[in-house]
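J.: Could you put together the complete structure from these sequences and hints?
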Amino acid sequence: MAFQQDWIYDVGLVVSDEIHLIGDDTRGPTLEIILTRLRSGFIGKNPPRILGLSETHIK
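Numbering (this note's numbering), first residue to last: 78 to 136.
Simulated from the structure, these hints should not be mistaken for laboratory data.
Ideal placement from N, C-alpha and C gives every residue a C-beta, glycine not left out.
Do not take every clue at face value.
Claimed, not checked - Computed spacing ranges between beta-carbons, pair by pair:
#	residue 1	residue 2	range
1	His134	Trp84	34 to 40 Å
2	Lys122	Ser93	16 to 22 Å
3	Asp102	Asn123	28 to 34 Å
4	His134	Gln82	37 to 43 Å
5	Ile110	Leu130	17 to 23 Å
6	Pro124	Leu98	17 to 23 Å
7	Asp101	Gln81	24 to 30 Å
8	Phe119	Leu98	19 to 25 Å
9	Ile85	Gly105	19 to 25 Å
10	Phe80	Glu132	28 to 34 Å
11	Ser131	Gln81	26 to 32 Å
12	Ile111	Asp87	17 to 23 Å
T.: Here's what the structure looks like:
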């Protein structure tokens, strides 16, 4: 599965904030699909690195 826009292949890093939501029942599946699509759509090319950010409060 390839992308329709060529500029996407120039992306080297994707920053995903609120990565902890991947475990959420409502928004998690959407986030997982988006990140998986980014990784698997780079057929024959280097996929971008994915940096996941999450804030954790320690009490």
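J.: Check each numbered hint from earlier against the structure, then list the numbers of those it violates in ascending order.
T.: none
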